[in-house]
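Trainee: Based on the hints, put chain C in the right spot on chain H.
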Amino acid sequence: MKRAVGLALFIAAGSAQADISCKEGETPVDQLPVAIATGIAGATLTASAPRSTPTETKSGAAAGSAASAHITDGADFPSLLAFAVENGFASENAGATTFNLNLFAIEAFLDPKALDDQYRYEQYQTLRRFGGSVSFGGKGQSFDRDGDGKPDAAETAANSSDIVSWEFTYRFYGSRDRRDPQNFERFFARSAQGNAQLDQLYAPTMLQTSKSLKAMGHDMHSSCVTAEERLKLASDAALVEKYRSVAAAADMVDSAANEILQEIDQGTLWTLYINGVSRKPQFGNDEYGAGIRGGWGGPDRGLTLNAGYRQVQDGPAGPLNRSAIGALQFSQLVMRKNALSKEGMKLSLSARLEKYWDHAPVHGTIAKLNAQLEIPVSDAVTIPLSVTWANHTDLVTGEKDVRGNIGISFNPSELFKPTKL
Amino acid sequence: MTICSDGPQDLTPLEVDCKSTDTCTWKYSVCMPNASISLYLTSAADPGHLQPLLQNVQKKNGDVLTHDVIFPGPGTYELSWSTVTADAAWANKVELLVNTAVQYLLRKSNASAGSDALNKRGAVMLEVT
Chain H
1 MKRAVGLALF IAAGSAQADI SCKEGETPVD QLPVAIATGI AGATLTASAP
51 RSTPTETKSG AAAGSAASAH ITDGADFPSL LAFAVENGFA SENAGATTFN
101 LNLFAIEAFL DPKALDDQYR YEQYQTLRRF GGSVSFGGKG QSFDRDGDGK
151 PDAAETAANS SDIVSWEFTY RFYGSRDRRD PQNFERFFAR SAQGNAQLDQ
201 LYAPTMLQTS KSLKAMGHDM HSSCVTAEER LKLASDAALV EKYRSVAAAA
251 DMVDSAANEI LQEIDQGTLW TLYINGVSRK PQFGNDEYGA GIRGGWGGPD
301 RGLTLNAGYR QVQDGPAGPL NRSAIGALQF SQLVMRKNAL SKEGMKLSLS
351 ARLEKYWDHA PVHGTIAKLN AQLEIPVSDA VTIPLSVTWA NHTDLVTGEK
401 DVRGNIGISF NPSELFKPTK L
Chain C
422 MTICSDGPQD LTPLEVDCKS TDTCTWKYSV CMPNASISLY LTSAADPGHL
472 QPLLQNVQKK NGDVLTHDVI FPGPGTYELS WSTVTADAAW ANKVELLVNT
522 AVQYLLRKSN ASAGSDALNK RGAVMLEVT
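Which chain is which? The protein sequence lines are H and C, in order. For the record, in the first sequence the residue sitting at position 42 is 42 according to this note's numbering, with numbers rising by one throughout. For the record, in the second sequence the residue sitting at position 43 is 464 according to this note's numbering, with numbers rising by one throughout.
Bound conformation, chain H alone:
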């Protein structure tokens, strides 16, 4: 209940009925610049959807409800599990129960003010860098269990301790949270000039509007402009020019804000991780790993990197299989505003290198490079052109024509496939 009350503040911010309330056919005075400059009637103005932070970069706080069970209502495991699932700390998928170990989410649940009060929220910036999860159950590995030389189907864990997976992460660089000071201060700094310019245009325009309406005999107790008054205002060429300037500046402020927010939402992130899976013998091997993940991007490009070390324990007394994996993926929109598509074509380049020590599965070293170009031929149809190189022929998979270590796919028949309407 406490949490629901706390969150209400933000929910209310998004749904409050807040506007100059006018009758049909009237235009709120504060929307006149756009309404007259664009010829849109006041009644048809709709809220412009604000760009929201991507879900995965939000605080990670769990969603609660007024009807939620309280943690002290029941202390037995099924009750605690139901409580955790209900409050977003746990999820169940394919027979595995995953618990969210996001420390800030737990803090925010216990004390909703940590989420709602921005001063407190900023104090937990370091805590929000730590994340993690632990899963119980799920499906094991497929391997030769009966010694007949053929892999047997993977078994599903019967007990929660049969398979335990965990991961801890530490984001040591970057933030995509708009509420973190480095991000909102960057937003303020970058948007200051455009907003100041709009302010300079807005005030004299609204003053001129009010004076003109007063001169027309407008009821000055109301901020709603009738259709007749609007027509009169629209006949003042100098005022219409001011409305156009304000509307254009407002459009630029909104566009610039979206651009800056997109930069924040795709900003650079570097995260360290350690993870592991502990399986009982009939479900497969134990695995442990550690590494680094990075990602950054912009409105038309993105880069992700993953480099890590992994070791697999081949049975309780078996040998260790150690490997290192490095992967890189880069995507860029190219040939923007071409004849086929305004958005351009997406070019993706990826590289993967795996090095195995001890007992390599098949190859000691695996190297793969892939380039893919998505060629849009209509809004609904894209023809991919893909080229893959690998250091071993059997690793060139997923391509139509394979010659030696190189595979190519280009399927123009996509053009003739029926499209969904």
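One or more of the hints may lead you astray.
Said to hold, decoys possible - Using 27 Å as the maximum straight-line C-alpha spacing, the simulated BS3-like pairs for lysine-lysine come out as follows: (1) H:Lys139 <-> H:Lys23; (2) H:Lys23 <-> H:Lys211; (3) C:Lys448 <-> C:Lys481; (4) H:Lys355 <-> H:Lys342; (5) C:Lys481 <-> H:Lys113; (6) H:Lys211 <-> C:Lys440; (7) H:Lys150 <-> H:Lys346; (8) H:Lys232 <-> H:Lys214; (9) C:Lys448 <-> H:Lys113; (10) H:Lys214 <-> C:Lys448; (11) C:Lys440 <-> H:Lys214; (12) C:Lys480 <-> H:Lys211; (13) H:Lys346 <-> H:Lys400; (14) C:Lys480 <-> H:Lys113.
Note that these hints are calculated values from the structure, not bench results.
Mentor: Frame of chain H, contents of chain C only:
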């Protein structure tokens, strides 16, 4: 209930009258994690010149920013304000009090109809005698 949603209904005259001896208080309630707020006074005698009363004042959720407006003398003025916020969900409540009586009250939020940049702005004409 928040500091932006509570209180009386919106009151949005196009013009507020006051005497130069009155205390005219502009009050801004912040219902968004972070806001950068500006307030200007423009005289009808010199509409091209905006006098900044508050410039890029940073406030946080739950804060209330108030400013007593001092007029240089009788005349027609425009009080205008603007908000910059990086947050998708935002709401505010702007009031103008003359001798503590609310003469203007407007609530806005990201759910308001029209341009977001214009919804984060507001203006009211003041006839000062």
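Trainee: Taking the hints in turn, state whether each one holds.
Mentor: Hint-by-hint comparison with the structure:
| no. | hint | verdict |
| --- | --- | --- |
| 1 | H:Lys139 <-> H:Lys23 | 61 Å, violated |
| 2 | H:Lys23 <-> H:Lys211 | 22 Å, holds |
| 3 | C:Lys448 <-> C:Lys481 | 15 Å, holds |
| 4 | H:Lys355 <-> H:Lys342 | 42 Å, violated |
| 5 | C:Lys481 <-> H:Lys113 | 13 Å, holds |
| 6 | H:Lys211 <-> C:Lys440 | 19 Å, holds |
| 7 | H:Lys150 <-> H:Lys346 | 42 Å, violated |
| 8 | H:Lys232 <-> H:Lys214 | 12 Å, holds |
| 9 | C:Lys448 <-> H:Lys113 | 24 Å, holds |
| 10 | H:Lys214 <-> C:Lys448 | 25 Å, holds |
| 11 | C:Lys440 <-> H:Lys214 | 19 Å, holds |
| 12 | C:Lys480 <-> H:Lys211 | 32 Å, violated |
| 13 | H:Lys346 <-> H:Lys400 | 20 Å, holds |
| 14 | C:Lys480 <-> H:Lys113 | 17 Å, holds |
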